[in-house]
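One letter stands for each residue in the lines below.
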Amino acid sequence: MKSRKCSKKTLALIAVAALLFASGGLMQTQAQLSIFSQDYNAEFELDHLRVHLLENGKDVCGGNNTLEHKDTCLLLQARGYDGKTPGTFEPGRVYKEEIAAQNGRDIPEYVRLTIRKYWMKADPKTGAMVKDTTLKPNLIHLGYGSKDYNSGAWTINPAETTTEASTYYLNTVLAKGATSAKLFNTFWIDKSLVDPGNIITNESKPTSDTDEGVTTTSKTITYTYKYDGYIACIEADVQSIQTHNVNDAIDSLWGVTNVSASGGKVTVK
Amino acid sequence: MKIAKKKKIIAAAAAILTLIVSTGLTVSFFSDYEAALGKVALHMSGETQIQEQTADNEKTIKIVNTGEQGDASVVARVSISPEDGDGVTYAFEKSGDWEKHGGYYYYKKVLAPGKSTSAITVTITVNGEKLTPDQMDFNIIVNHESAIAAYEYDAAKNVNKVTKPSGWDYIPTITAPVE
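In order, the protein sequence lines correspond to chains A and B.
Mapping of the first sequence onto my numbering: position 219 corresponds to residue 219, and the numbering continues sequentially without gaps.
Mapping of the second sequence onto my numbering: position 144 corresponds to residue 1144, and the numbering continues sequentially without gaps.
Looking at chain A on its own, in the form it has when it is part of the complex (with noise of 0.2 Å):
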């Protein structure tokens, strides 16, 4: 009897399968057989934000850059790569530097920015490219015209001010495509790197030579600075956030406190 009851449950399970199976058959040739309208079809794109980091009106390394990988994305007017001769970068000149933030899909985000300055020098036994921390990083500067960042349009947090880092926060949502006002406008490096104090050498060696009556004397200046070879390092790391629910997103996902948005504002106490 045991047995017979079984093979009746089996069979009203393998018929309720087999009706599924017939049903999502019959729904996939409907599906292939169907004709839709173009004027009623709807398309649904469940897509994440998308924030890209401008530098002079560009994406900053066509838009796939990681600090692991992208270490020469910034700066590439002051590096001579704007068709100039490499090289010439001459200190205390400034550098067109245009920060700026994009929104890159079709949602609004607020957005924050991150930059840290540091240098970089030669091991003395290795020879290798290391941090170095005895040189101020406020040595190097970013600006906008005459102001150290452009404050009408994004607020500096002190909380997360370090003599390294600062991070800036832009006031308003950025609408969908929509691109930032700019944060900086140049760059440049402190002149006082070559103040007399932070000369190492200075020699100067005469030579003479005549030929076929035409004599060539000369006089050779050679010089070395204290911070030659030094690297003046900025990294910029541009962040965005969903606009519902953001207070909860500012606090989940940048945990900072003193940070809050509504109607589209940012505030930062």
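These aren't lab readings, by the way, just hints derived from the structure by calculation.
Note that beta-carbon positions come from the ideal geometry of N, C-alpha and C, so glycine has one too.
The hints are all genuine.
Cβ-Cβ distance ranges computed for the label pairs, FRET-style:
hint, chain 1, residue 1, chain 2, residue 2, range
1, A, D195, B, T1089, 41 to 47 Å
2, A, L19, B, S1028, 35 to 41 Å
3, A, N245, B, K1008, 32 to 38 Å
4, B, N1158, A, H48, 38 to 44 Å
5, A, A153, B, A1011, 50 to 56 Å
6, A, G127, B, V1126, 58 to 64 Å
7, A, K136, B, S1081, 41 to 47 Å
8, B, A1055, A, T220, 20 to 26 Å
Not everything, but these chain B residues come out facing chain A in the computed CB check (under 8 Å):
hint, residue
9, F1029
10, D1032
11, Y1033
12, A1035
13, A1036
14, L1037
15, K1039
16, V1040
17, L1042
18, Q1049
19, S1073
20, Y1151
21, E1152
22, N1160
23, E1179
Starting from the known structure of chain A, arrange chain B on it as the hints suggest.
Coordinates of chain B only, in the frame set by chain A:
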């Protein structure tokens, strides 16, 4: 009793699942980032050389930045002190790249590595006549100085201006655009 216990277990499991699902929704925020690094090497060593060529009654003076690509750009000046003598006159010929101020001729451009200034030519005449090489017995002392080119920003004009090197009392106006 067994059925009641099972129902309780099922209800508890359902409640836990509901909690997990709702918690998952709360922490799933949308976000994105892009990051980049830029490096600029400071090239603050270099070498300049003055080249003087003497032929007939002329002395031609140039300054060369002998640094290699990547070395520093410089500003340069020369002082030319001819020896005084009866009836001896010196004529200076130079292009508009040079500016005389005080006892110096200042080169009015930044001299990049591998580049040379235009020439200053000094012609010596005695009583209005050119000297022949065997009559050349005059000293023209030429000194040259150079310093790494450093700038300051003129925000009002949005332009970079070369600053006076330490120890110099003058520098001609040399500008570079912000670009």
